[in-house]
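Chemist: Each chain, written out:
2 protein chains.
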Amino acid sequence: MTGKQSLLFDKDVYVRCAATVVGKKEADGPLGEMFDVAVEDDMFGKKSWEEAESHIQEMAVDKLLIKSGMAASDIDYIYAGDLLGQLIATSFGLMRYEIPMFGLYGACSTMGEALSLGAMCVNAGYAQNVIAIASSHFASAEKQFRYPLEYGNQRPVASTWTVTGAGAYIVGDKPLDKKKCVLIKGITTGKIVDYGVKDSMNMGACMAPAAAELIEANFKDLDVDKDYYDAIFTGDLGEIGNRILSELLKEKSIDIADKLYDCGMLIYEGETKCSGGSGCGCSAVVLGSCIMDRLIRGEYKRVLFVPTGALLSTVSYNEGKSVPGIAHGVILEGKES
Amino acid sequence: MTGKQSLLFDKDVYVRCAATVVGKKEADGPLGEMFDVAVEDDMFGKKSWEEAESHIQEMAVDKLLIKSGMAASDIDYIYAGDLLGQLIATSFGLMRYEIPMFGLYGACSTMGEALSLGAMCVNAGYAQNVIAIASSHFASAEKQFRYPLEYGNQRPVASTWTVTGAGAYIVGDKPLDKKKCVLIKGITTGKIVDYGVKDSMNMGACMAPAAAELIEANFKDLDVDKDYYDAIFTGDLGEIGNRILSELLKEKSIDIADKLYDCGMLIYEGETKCSGGSGCGCSAVVLGSCIMDRLIRGEYKRVLFVPTGALLSTVSYNEGKSVPGIAHGVILEGKES
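If you read the protein sequences in the order shown, they are chains R and F.
This note's numbering numbers the first residue of the first sequence as 1 and each following residue consecutively.
This note's numbering numbers the first residue of the second sequence as 1 and each following residue consecutively.
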């Protein structure tokens, strides 16, 4: 290990390929043009929201295999998760590929967790190619965590909007395109952080402490400061969580406001009805669209990707528990040869 | 990889220490004397079943650290999971240790998944010591998946009884006792298997196909037959699932009935009210008690541990979906020097 929470890989671990699938609201946003697949119908032609989310995962893997020219049999492992109880979106979505699977739950940090474990696996030489995937769906998440959509509840200004989408990645030991590729250089694995926030309509505030501690740990472990990165992307803190994070980091004498972006703010920028996007799918699709694009184009040389998760369920919330957070950091580098 | 689904480790990966915590019913069963901690009160002194389950995880980790003489700061990663939606037993139970955490969901196969990922991590040299842990609680699981206990529903003969308990393990690159130790020699990682069974009161039937395919894959990948193992332990198929598994394996020309044991049958042997024990905690505590004991005493030289999970939620069940299964295999060897 490098420091207490980080690993730097000794081999080249590549993000060989990315595929993103989103719903209408995401397609209508400022990143709309950059997603691989956008579907007008948020039911995705299915009978239930859960089936729709499973289908989004399936579409993302299908697109990934097409883009990479690979078959499911070329993939050694799949690291996957979603937000629903018992990961049903994942189980029913990925069944038909018959790939050895590790089911993951890191709430909205799952994309970071899946990429971390996938990169650890490839760097160790256990596999040549693995898939990392995470998804969320606005309606299945509202049903899971909040109110039935038919109830038409009002949403406070701090509330985020769960992204309908999935991001899927092939992590492998070779690049797909030798000229332009993205490397996973290392990871910083998060601990559970609980500052006692209990407001499930203000997830940004619940998760910001975990993001702050993760960024601090990453800087300490690698003995770097903000100059090491061109940009740092949190997962889905939204505007309010983003402001809290900046404040928390300032208290730690880390002032990175000029390099700090939030996937949740980027995906719905200009949207006034929510504080930003959330859900595993949020950081999963923003990474696969604008972050990967800028790394490949050389606009960024090195990025810290920090998806954040809020560890609650309706049961824990109704029993009066706080909402702890967790964040997983992935160090990404663009490489041109 | 060895074959399509297996890894054999090139270094010695040790199960350094095990700790098991159970409730009253488990303590009253035939393995009762072998568990580290047994608590009479299934509320474990807490206000809710979920808090009780979190506390069981905490007690298991505490016991593990005491038994091994290690501190939480000696542990590099924790791989953990439970059955509850959004893994709340794990999040609230393990928070205070401040160890980098990977949250896992493999239903009742989670103990196999956690040991697999933990062993992969240690063998790769990423960590010297990691904890793998899984838990379940009868009452929190009934509330999560079936009926409120107060409803007093009748249980069909095929139904299993969720074990109240947690098993925790330190997986490390050195043994605790050089004379007698247990090694993780390799793993076989499961795929999702769905034979279309829809009866959530007959989980054994849902999971038996995944166990059958996992055992077949293990034999093929390692090019071995049943003589390679002294015993094969499934996680929580129960009597009916165990019979189905034997039949399925016979169809694959694998006749291992004389070496096939089920943790769910062992933990409640003689109990007539259920088909056996189930839940992540079932295989987790049976491994840490009788299986580890027999490996250390030399009664077994090599064992295949195959926890099995049923991938359903109340949502998927109520939407008429089938209950797919998954199984994760861990090859354990006793070593005396």
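It cannot be assumed that every hint is accurate.
Same chains, same names: a pair is fine if it fits in one copy or spans any two.
Unchecked claim - Only pairs whose alpha carbons sit at most 25 Å apart, straight line, appear in this in silico DSS-like list of lysine-lysine: (1) Lys179 / Lys220; (2) Lys11 / Lys259; (3) Lys47 / Lys174; (4) Lys335 / Lys179; (5) Lys259 / Lys335; (6) Lys259 / Lys143; (7) Lys47 / Lys185; (8) Lys143 / Lys198; (9) Lys11 / Lys301; (10) Lys250 / Lys11; (11) Lys11 / Lys63.
Hints were generated in silico from the structure; no laboratory data involved.
Chemist: If a hint holds in the structure, say so; if it doesn't, say that too.
Modeler: Now the hints, each set against the structure:
no. : hint            : result
1   : Lys179 / Lys220 : neither (32 Å within a copy, 40 Å between copies)
2   : Lys11 / Lys259  : neither (28 Å within a copy, 42 Å between copies)
3   : Lys47 / Lys174  : neither (40 Å within a copy, 52 Å between copies)
4   : Lys335 / Lys179 : within (8 Å within a copy, 49 Å between copies)
5   : Lys259 / Lys335 : within (20 Å within a copy, 53 Å between copies)
6   : Lys259 / Lys143 : neither (35 Å within a copy, 45 Å between copies)
7   : Lys47 / Lys185  : neither (41 Å within a copy, 45 Å between copies)
8   : Lys143 / Lys198 : both (19 Å within a copy, 23 Å between copies)
9   : Lys11 / Lys301  : within (18 Å within a copy, 36 Å between copies)
10  : Lys250 / Lys11  : neither (34 Å within a copy, 44 Å between copies)
11  : Lys11 / Lys63   : neither (27 Å within a copy, 38 Å between copies)
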